[in-house]
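Colleague: Please put together the full structure from these sequences, using the hints given.
Listed below are the residues making up each chain.
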Amino acid sequence: MAGEGFVAPHVDYAALAPLIALTVGLIVILMSGVFETTKRWAPGLAVLTLGATAGLLIWHWNEQIDLVAGALRIDDLAISISLIATVTAFFTVLLSVRERAAEEAGQGEYYALLIGSVLGMVLLAEAENLVTFFVALETLSIPLYILCATNLRRERSLESGLKYLIVGSLGSATLLYGMAFVYGATGSTDFAGIAHGIAAKGMLHDPLLLIGIALAAVGLAFKTSIAPFHQWTPDVYQGAPTPITSFMAVATKAAAFAVFVRFFVVALGPETGDWQTGLAILAAISIVVGNVGALRQTSLKRLLGYSGVAQAGYMLGGIVVASEKGISSLVFYLAAYLFMNLAAFAVIVARERETPYGDDIRGVRGLGAERPALAWSLTISMLALAGLPATAGFIGKLYLIEALVEGNYLWLAVFIAVGTMISLAYYLRVVAAMWMTPGQAVAGGPGGPEPTPVISGASPEVDPVDPRAGTRWYLVAPAVLAAAITVFFGVIPQPLVEFASHAGASLF
Amino acid sequence: MNISWYIVLSALLFTIGAIGILIRRSPMVILLCLELMLNAGNLALVAFSREVGNGQGQVFALVVMVVAACEVVVGLGLIVAIFRRKLPLDVDDLRELRG
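Sequence lines, in order, name chains A and B. The first sequence begins at 771 in this note's numbering and counts up one residue at a time. The second sequence begins at 20 in this note's numbering and counts up one residue at a time.
These are computed hints drawn from the structure, not numbers from a lab. Watch out, some of these pointers could steer you wrong.
Claimed, not checked - Cβ-Cβ distance ranges computed for the label pairs, FRET-style:
{"hint": "1", "chain 1": "B", "residue 1": "Leu106", "chain 2": "A", "residue 2": "Thr1241", "range": "21 to 27 Å"}
{"hint": "2", "chain 1": "B", "residue 1": "Arg104", "chain 2": "A", "residue 2": "Gly876", "range": "15 to 21 Å"}
{"hint": "3", "chain 1": "B", "residue 1": "Val92", "chain 2": "A", "residue 2": "Glu874", "range": "16 to 22 Å"}
{"hint": "4", "chain 1": "B", "residue 1": "Trp24", "chain 2": "A", "residue 2": "Ala784", "range": "47 to 53 Å"}
{"hint": "5", "chain 1": "B", "residue 1": "Val85", "chain 2": "A", "residue 2": "Ala1254", "range": "40 to 46 Å"}
{"hint": "6", "chain 1": "B", "residue 1": "Ile38", "chain 2": "A", "residue 2": "Glu874", "range": "35 to 41 Å"}
{"hint": "7", "chain 1": "A", "residue 1": "Asn832", "chain 2": "B", "residue 2": "Leu95", "range": "22 to 28 Å"}
{"hint": "8", "chain 1": "A", "residue 1": "Phe805", "chain 2": "B", "residue 2": "Leu95", "range": "24 to 30 Å"}
Unchecked claim - One side of the interface only, derived from the structure: several residues of chain A facing chain B at Cβ under 8 Å:
{"hint": "9", "residue": "Val905"}
{"hint": "10", "residue": "Glu908"}
{"hint": "11", "residue": "Tyr915"}
{"hint": "12", "residue": "Glu929"}
{"hint": "13", "residue": "Ile936"}
{"hint": "14", "residue": "Ser939"}
{"hint": "15", "residue": "Ala950"}
{"hint": "16", "residue": "Phe951"}
{"hint": "17", "residue": "Gly954"}
{"hint": "18", "residue": "Asp1044"}
{"hint": "19", "residue": "Val1246"}
{"hint": "20", "residue": "Val1257"}
{"hint": "21", "residue": "Phe1258"}
{"hint": "22", "residue": "Val1261"}
{"hint": "23", "residue": "Gln1264"}
Don't be surprised by glycine CBs; every beta carbon is placed ideally from N, CA and C.
Modeller: In structure tokens:
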């Protein structure tokens, strides 16, 4: 420790550029919120920041550079996951236009927190050291705790924020304790150093290391909402403002899975035999719990929360086999999941604003006759999540099952197939509600139903109804675009397969 | 140097924190228990750092302290927001979301 002087690591600013762009954007947006005149620019500045970040990320495509003395690593896995997070944030900005939560919290603060969370995600996807891993995970999570609670006047929003904070911090603390044991067993916080330590000391089945791996797996399972550590997911998804829910559902999952892959496949690679079975069992439990839990939900956001638990189980299958094909299929599935989920959330946001039912399934009744564009988007999204052919969801499941069969995990592939069958029951229920039940007049209109408050309590809790929300471009365009991309990659999957296989190849 | 007592103490702290989160109902006490769990991790890191003989664990522990402070700030902010709405400060009574 002592003796040698402090040597500053070489810093490659070009490769750090995406992170710098996000940080600068964050500060500018936060400052813009201070002045009355510049306040309205916040969403535009957020889009600008995200665009610049995406451009800088694409610039480094196909490169593999270790940054800041091996604390970060930019490679195709990091770039692809960062791009997924950036695109999700872009959609979230669109869905947040005229959102009550954004006005309540202040435009500048709301979008600055969103960009801060994206910064954490990019950092997490690049993390190659236990310290950066932990800091990035918290940079991602802490702004999300606040964003969940931004709808200050709604009890549910505050409740979901506090719940997410408690459960998220519990996950982080467990993860930290696991990391401490991994460090103690291998003597390094660096992923490459950990792998080297395990291989050099020949410490297979070392109890200290196994405790560390188990605790770290539990901590990551909390973050990726894998059963039995998923209980917070439906509650937080339902209570948070819907644009934030869509962001959490997709981007958090992608970033957490990226570091899950890197930590387990790179750092704990020599120990593969010890953790494979454990993760496979967690995946199987998630698939069963998620799909069965979703069956009896009447709130669309809760339904998507449980469906997210099941989908996390499918995706974990890609890590279980620890092969190039497994990782590629995981990245493919995450990219497909982005578009499938966002189409659904855009429709939910629109219906939340124009009907008095909130996110209840009653809100989409008769949508087929009333708003065909939204109805088709939600239909495509539901069919893709269920994994029907001609959608990206089908191709994604196909690759995952193929990777599992090749990796000798046939039984887990069977779980995915059975889970898919169960999931049809609740996805098709939404489709049936849209097309097969009679339409309803939009709230407030003549002959419409009495606007019943969704939550009992004081009137300021009820969000104002915008009877034309279903025709606003900033809600219809994301829904239609995401649904169109889902179908496009279902019919012509080649570009996305190429994208995902680059990500998978960068680790092996 | 034998560090096993430090590890035993950190395991105890971690368990006390985890049990506290599960059985206590006031969000304030739950935040305290979270701190206990994070500090158990810090103790383990510093102890292991001593055994391994490099400073990485100590640096990690310092970083964790910063992160823990951030978490508490957000947690207390949320508790104040809930208090201002005159909602009960009891996690068992916050049950608007379930099913």
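Colleague: Name the hints, by number, that the structure is in violation of.
Modeller: 1, 7, 18, 19, 20, 21, 22 and 23
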